[in-house]
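Now for the letters of each chain:
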Amino acid sequence: MTTTVDSRLDLSTAIPGTMMDVPLNIRWIFEHALRNNGAREIVTRLDDGSFHRYSYADFGRRVAQLAHALVELGIEPGDRVASFGWNTYRHLELYFAVPMIGAILHTTNIRLFPEQVCWVFDHAGDKLIFVDASLAPAVRNATLTQPDFAKPFVVMGEPTEALPDAHDYEALLKDRPETFPWPEVDERTGAILCYTSATTGDPKGVLFTHRSTILHALAAGQSDALAVSQRDTIMPVVPMFHVNAWGIPYLAPMIGAKLVFPGAKLDPHSVIDTVEREGVTMSLGVPTVWLAVRDELEKRDAYLPTLKSLIIGGSACPPSLFDDLAKRGIATVHAWGMTEMSPIGTVSRTVAELEDKSPSEQREELLKQGRFTPLVAWKLLDDDGNDVPRDGKTPGALWVRGPAVTSSYFRVGSDLPVFADGYFHTGDICTIDQYGYLQLVDRSKDLVKSGGEWISSVDLENTIMGHPHVREAAVIGLEHAKWVERPVAFVALREGQTLDEPSLQAWLGERVAKWQIPDRVVFLDAIPRTGVGKFLKRDLRAQYKNLLLDESGK
Amino acid sequence: MDILTRTARAPQLDLSTAIPGTMMDVQLNIRWIFDHAVRNNPAREIVARLDDGSLFRYTYADFAKRVAQLAHALVALGVKPGDRVASFAWNTHRHLELYYAVPMIGAVLHTTNIRLFPEQVAWVLQHGGDRLVFVDESLRAPLEKALATAPHYRPEIVVMSAPPASASAAPAFASASAAPASASGAAAPDAAGTVYFESLLASQPETFDWPDVDENAAAILCYTGGTTGDPKGVAYTHRSTVVHSFAATLVDAINIRQSDTVLPVVPMFHANAWGSPYYVLTIGAKYVLPGPKLDPHSVIDLVEGEKVTISLGVPTVWLAVRDELEKRDAYLPTLKTLLIGGSAVPPSLFDDLKKRGISILQGWGMTEMSPLGTTSTLMHENENAPWAEQRADLLKQGRFNPICAWKVIGEDGNDVPTDGRTAGDLWVRGHAITGGYFNVSEPLPVFEGGWFMTGDVATVDPRGYLSIVDRSKDLVKSGGEWISSVDLENTVMGHPSVREACVIGLTHEKWQERPVAFVALREGHTLDEATLQAWIGERVAKWWIPDRVVFIDAIPRTGVGKFLKRELRATYGDLLLGS
Numbered sequence: 001m002t003t004t005v006d007s008r009l010d011l012s013t014a015i016p017g018t019m020m021d022v023p024l025n026i027r028w029i030f031e032h033a034l035r036n037n038g039a040r041e042i043v044t045r046l047d048d049g050s051f052h053r054y055s056y057a058d059f060g061r062r063v064a065q066l067a068h069a070l071v072e073l074g075i076e077p078g079d080r081v082a083s084f085g086w087n088t089y090r091h092l093e094l095y096f097a098v099p100m101i102g103a104i105l106h107t108t109n110i111r112l113f114p115e116q117v118c119w120v121f122d123h124a125g126d127k128l129i130f131v132d133a134s135l136a137p138a139v140r141n142a143t144l145t146q147p148d149f150a151k152p153f154v155v156m157g158e159p160t161e162a163l164p165d166a167h168d169y170e171a172l173l174k175d176r177p178e179t180f181p182w183p184e185v186d187e188r189t190g191a192i193l194c195y196t197s198a199t200t201g202d203p204k205g206v207l208f209t210h211r212s213t214i215l216h217a218l219a220a221g222q223s224d225a226l227a228v229s230q231r232d233t234i235m236p237v238v239p240m241f242h243v244n245a246w247g248i249p250y251l252a253p254m255i256g257a258k259l260v261f262p263g264a265k266l267d268p269h270s271v272i273d274t275v276e277r278e279g280v281t282m283s284l285g286v287p288t289v290w291l292a293v294r295d296e297l298e299k300r301d302a303y304l305p306t307l308k309s310l311i312i313g314g315s316a317c318p319p320s321l322f323d324d325l326a327k328r329g330i331a332t333v334h335a336w337g338m339t340e341m342s343p344i345g346t347v348s349r350t351v352a353e354l355e356d357k358s359p360s361e362q363r364e365e366l367l368k369q370g371r372f373t374p375l376v377a378w379k380l381l382d383d384d385g386n387d388v389p390r391d392g393k394t395p396g397a398l399w400v401r402g403p404a405v406t407s408s409y410f411r412v413g414s415d416l417p418v419f420a421d422g423y424f425h426t427g428d429i430c431t432i433d434q435y436g437y438l439q440l441v442d443r444s445k446d447l448v449k450s451g452g453e454w455i456s457s458v459d460l461e462n463t464i465m466g467h468p469h470v471r472e473a474a475v476i477g478l479e480h481a482k483w484v485e486r487p488v489a490f491v492a493l494r495e496g497q498t499l500d501e502p503s504l505q506a507w508l509g510e511r512v513a514k515w516q517i518p519d520r521v522v523f524l525d526a527i528p529r530t531g532v533g534k535f536l537k538r539d540l541r542a543q544y545k546n547l548l549l550d551e552s553g554k
Numbered sequence: 001m002d003i004l005t006r007t008a009r010a011p012q013l014d015l016s017t018a019i020p021g022t023m024m025d026v027q028l029n030i031r032w033i034f035d036h037a038v039r040n041n042p043a044r045e046i047v048a049r050l051d052d053g054s055l056f057r058y059t060y061a062d063f064a065k066r067v068a069q070l071a072h073a074l075v076a077l078g079v080k081p082g083d084r085v086a087s088f089a090w091n092t093h094r095h096l097e098l099y100y101a102v103p104m105i106g107a108v109l110h111t112t113n114i115r116l117f118p119e120q121v122a123w124v125l126q127h128g129g130d131r132l133v134f135v136d137e138s139l140r141a142p143l144e145k146a147l148a149t150a151p152h153y154r155p156e157i158v159v160m161s162a163p164p165a166s167a168s169a170a171p172a173f174a175s176a177s178a179a180p181a182s183a184s185g186a187a188a189p190d191a192a193g194t195v196y197f198e199s200l201l202a203s204q205p206e207t208f209d210w211p212d213v214d215e216n217a218a219a220i221l222c223y224t225g226g227t228t229g230d231p232k233g234v235a236y237t238h239r240s241t242v243v244h245s246f247a248a249t250l251v252d253a254i255n256i257r258q259s260d261t262v263l264p265v266v267p268m269f270h271a272n273a274w275g276s277p278y279y280v281l282t283i284g285a286k287y288v289l290p291g292p293k294l295d296p297h298s299v300i301d302l303v304e305g306e307k308v309t310i311s312l313g314v315p316t317v318w319l320a321v322r323d324e325l326e327k328r329d330a331y332l333p334t335l336k337t338l339l340i341g342g343s344a345v346p347p348s349l350f351d352d353l354k355k356r357g358i359s360i361l362q363g364w365g366m367t368e369m370s371p372l373g374t375t376s377t378l379m380h381e382n383e384n385a386p387w388a389e390q391r392a393d394l395l396k397q398g399r400f401n402p403i404c405a406w407k408v409i410g411e412d413g414n415d416v417p418t419d420g421r422t423a424g425d426l427w428v429r430g431h432a433i434t435g436g437y438f439n440v441s442e443p444l445p446v447f448e449g450g451w452f453m454t455g456d457v458a459t460v461d462p463r464g465y466l467s468i469v470d471r472s473k474d475l476v477k478s479g480g481e482w483i484s485s486v487d488l489e490n491t492v493m494g495h496p497s498v499r500e501a502c503v504i505g506l507t508h509e510k511w512q513e514r515p516v517a518f519v520a521l522r523e524g525h526t527l528d529e530a531t532l533q534a535w536i537g538e539r540v541a542k543w544w545i546p547d548r549v550v551f552i553d554a555i556p557r558t559g560v561g562k563f564l565k566r567e568l569r570a571t572y573g574d575l576l577l578g579s
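Here the protein sequences line up with chains A and B, keeping their order. Residue numbering for the first sequence is 1 to 554, as defined by our numbering. Residue numbering for the second sequence is 1 to 579, as defined by our numbering.
Treat the hints as calculated values from the structure; they're not laboratory data. Quick caveat, the model's predicted, so the values are computed rather than measured. Backbone N, C-alpha and C fix where the C-beta goes; we use that ideal spot for every residue, glycine too. Treat the hints loosely; a few may be bogus.
[To be verified] Computed cross-link-like contacts, DSS-like style, restricted to lysine-lysine with a CA-CA straight-line distance of at most 25 Å:
id	chain 1	residue 1	chain 2	residue 2
1	B	307	A	357
2	A	445	A	482
3	A	514	A	445
4	A	379	B	336
5	A	449	A	393
6	B	336	A	357
7	A	445	A	534
8	B	293	B	562
9	A	174	A	127
10	B	336	A	308
[To be verified] Here chain B is said to cover these stretches of chain A; the calculated rule only asks that three of the stretch's residues, wherever they fall, bring their Cβ under 8 Å from a Cβ of chain B:
id	segment
11	206-215
12	251-264
13	402-409
14	438-447
Using the sequences provided together with the hints, build the complete structure.
Here's what the structure looks like:
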């Protein structure tokens, strides 16, 4: 018999345990870091290429000073304070001081259009904005789009003409007490506010709590996830405005790892230099950065012996990148998640069942998005709402649930179709295989529907990026008179390489079904990208919308 | 007020203006772990050695069906949320099923220590309020004996096996209460009046509509050894269990991956087998349960046969395994980590096992802490240090995991310097640490200001490594000076003929207390008092040398494998008087 029986258990008779009532809040991580790893280093690459370094203990003192400054400036629990900056030690100080006084840090995406910047400052209700000196001109441009803009600024770094009335960060901290009577903030209090533009319409805010932040750190640190040890030196290249740099600003101090911030210097030369100088063992970022680093390493025929793992997420990692980095002794760890998930959902590590399989079978699994962390429950449903089989082939819509998954959007609510039955609809179409590995087929809106058949833009992009002359490729579906939609590829070539449309199409013809070959290949210097490094397909669709209609109409 | 105006203001924050986040409200309960395990690792194995020595194996998916059946059976027996259900059993798959089914219906599993004295067993069962006791077939006799000391206490009993083929072959369970009223689906006892686990499960549905138990509900009740006074109960919650699970498997803690095979030799009645029934399934590792056979041959057999990569247990077990491996000149190549806790790891054991290619991970904790507090791994600051320095650090109790806050307080009430030398009382605080004892309403001095006093005297060094000097009550105070019994024991256990050594302070007319060593020798070895005292004299300060050495066959131990010093003090209390 396998029918479910309704138990009608009356939970009101359950008894409490004897455990201490200790909140899962950011203060807890902060104090643990200072108490156990006070001498561990936090290093930041400055704009002039030099390095700033101090210890967790020094950091702890400045966080207290910053908290005193915030309180004196009138910041109260519940207030939003924005940051507009790169990954630096000051940004980390904000990551702790703001939530620990019960306020909310709104990490603003510095790559938004000026109008969008003002829009999010407004929507978030930011009371004060902290901005990197080098980004002050950009922020100033943004404020010019709104005539009545009146929010005050604090500049982090050298005084700047762009914001002459702004406070100076160091002046705010100077001579303040180096300890603070931290309140015991309730764990369900909002801590960090992050807007995602990966939705239709205006950006949507996700308000992470102290509780979700700690739980996410505990789950992300696991051996089958990011596998972080106190012995590690971690450099998050992924920005602190891209879903909390995937949780690293909280995970690293929790574990006691050394932290290295690259600042504004994300070009491959600087990244490689920083890895070498600071002995970075683990780094994280979207594929773009590593494509460039790979190119540079190959050009130099160089290696990065301390770099044991590279966590790549945000967009699918092209297999060619995975292989090229492996040839350089760098293990790529594929991860998947979303802003709405804090963000880590899956990480790709080997499992027992794969231990006896061939290297190529193992590689095939590791290239997938990976297996779910213990913090995420999931469902993969077909169009009828039934679970799809775990055959690695049948696609379904992915829904997720967990204590670090959002149930609503900030000041928008939960009455949206993406929130249903306690789950969040990711918008991703995926498969899951017998080993439990999730594979992303496509964002549901990016699938190309050609003559009633689906083409995964992600798969086609990965294939094209396997061509030795191709650096990046984005595939979109464009309107076609006969087939409804057909794939068109946008390709950026590697430095010094040449390639033409027929050659690429012929090369693809040896690797994909004939009907999946892109009707057109457009060569660009660079693929337009979103503020967090994903392909800006919406722009390409808008710009090239008639490309196939003009031709097919002839 | 203009936000840029500076005013002198003391930081008084009104948290009532804080706003909640947008995150889902998901309870951190055992069901969450269970669902994750079954959803993501349905084919992973659980292996258990049965009473008859044979191995039973099934998958997480099979396990889940039986957990559902067990839950239905419990409900049919009238178990309600908040009720306590006791187990009196070894590490078996049925015990694991109880570990999930009981809390997931909102009830509380009381894991009873089978090695308590009969009167204590009866006492804890009554104090816990257990109306139902699940007992291993092989443990019926000691349970009967215990229940016989409290004739008015008549819990329902379920024997954790299948009914025997012939009804007449099964003796009646003398102390069982009358058969429970037959609710729908409840199994009737057999002709002899005994209710069997497998009969309860048979024909129950294989899925259950699990309720969403509040994370602060009690899940497991575990009594500490009770070295002074009555045993004290700690009621872990679903929340503390989940948070402890996440912290325990981190890289710098036990470092468990899905690809591991974990063997807990530490019993499921010893602080939840150190939490392993929950975190092993959360991670999706293979789980191997040794049943009643904890002798070195059986343990080695399992490690080899099931390719165990991580095992957990107290030093006693591994002392015996070491002896056996040395005797056979054998190795255990799959075993990469041995988590040893409960008592300090003797350096000699650490070295001997290292010679066999086995790395010991020393851990420290307490029942009150779920139990993990520290694990001793290398850190950045010593990962390239010479071996001697690494060894010294690895022999310490280790570094604190992220859910455990600590302080070491000196006699003046202030924090002692973290110099690795100045000792004080160790207090802890955290999400998986108890703030009180079960059904003990009077305030106790060990709980103060949100902290728990561990009763251990400790040092913490500049790198954050904890060293337990001694249980505060086990320190030997000789002529006003302290001798660490733990340190002296470890030294004595370094003698090649010594298998185990236990040091206690006994009353001395002149010095108040002097150390006396109780020694059990390795098989086939001989040694006399004078020789051992001379050997010790080459290794410790003269005044640390034990006044007497008493040779015994085995050191008496508590139900969880620690030295039963109280008994030795009682038996030998006058040894040094009148000498």
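Given the hint that residue 307(B) pairs with residue 357(A), does the C-alpha gap stay at or below 25 Å? holds, 18 Å
Holds or violated: are the alpha carbons of residue 449(A) and residue 393(A) at most 25 Å from each other? holds, 18 Å
Tell me if the straight-line CA distance from residue 445(A) to residue 534(A) falls inside 25 Å. holds, 14 Å
Holds or violated: residue 379(A) with residue 336(B), Cα cutoff 25 Å? The given pair, whose Cα atoms are some 35 Å apart, is violated under the 25 Å limit.
Do the alpha carbons of residue 293(B) and residue 562(B) lie within 25 Å of each other, as the hint requires? Within the cut-off at roughly 19 Å; holds.
Mind taking a look at whether chain B covers the segment 251-264 of chain A? Criterion is 3 or more residues with CB to CB distance under 8 Å. That given contact holds, which follows from 4 residues of the segment 251-264 of chain A lying within Cβ reach (below 8 Å) of chain B.
Is the straight-line distance between the alpha-carbon of residue 174(A) and that of residue 127(A) 25 Å or less? The hint holds at about 22 Å.
Tell me whether the statement that chain B covers the segment 402-409 of chain A is true, taking a Cβ distance below 8 Å and needing three residues at minimum. holds (count 8)
Pairwise hint evaluation, residue 445(A) against residue 514(A), where the allowed Cα distance is 25 Å at most: holds, 23 Å
Hinted pair residue 336(B) and residue 308(A), Cα distance within 25 Å: Distance ~21 Å between residue 336(B) and residue 308(A) Cα, so the pair holds.
Satisfaction of hint between residue 357(A) and residue 336(B), Cα-Cα up to 25 Å: At roughly 22 Å apart (the allowed maximum being 25 Å), residue 357(A) and residue 336(B) satisfy the hint.
Counting residues of the segment 438-447 of chain A that have a beta-carbon nearer than 8 Å to any beta-carbon of chain B, does the count reach 3? Violated, because only 0 residues of the segment 438-447 of chain A bring their Cβ atoms closer than 8 Å to Cβ atoms of chain B.
Checked against the numbered hints above, the structure breaks hints 4 and 14 and satisfies the rest.
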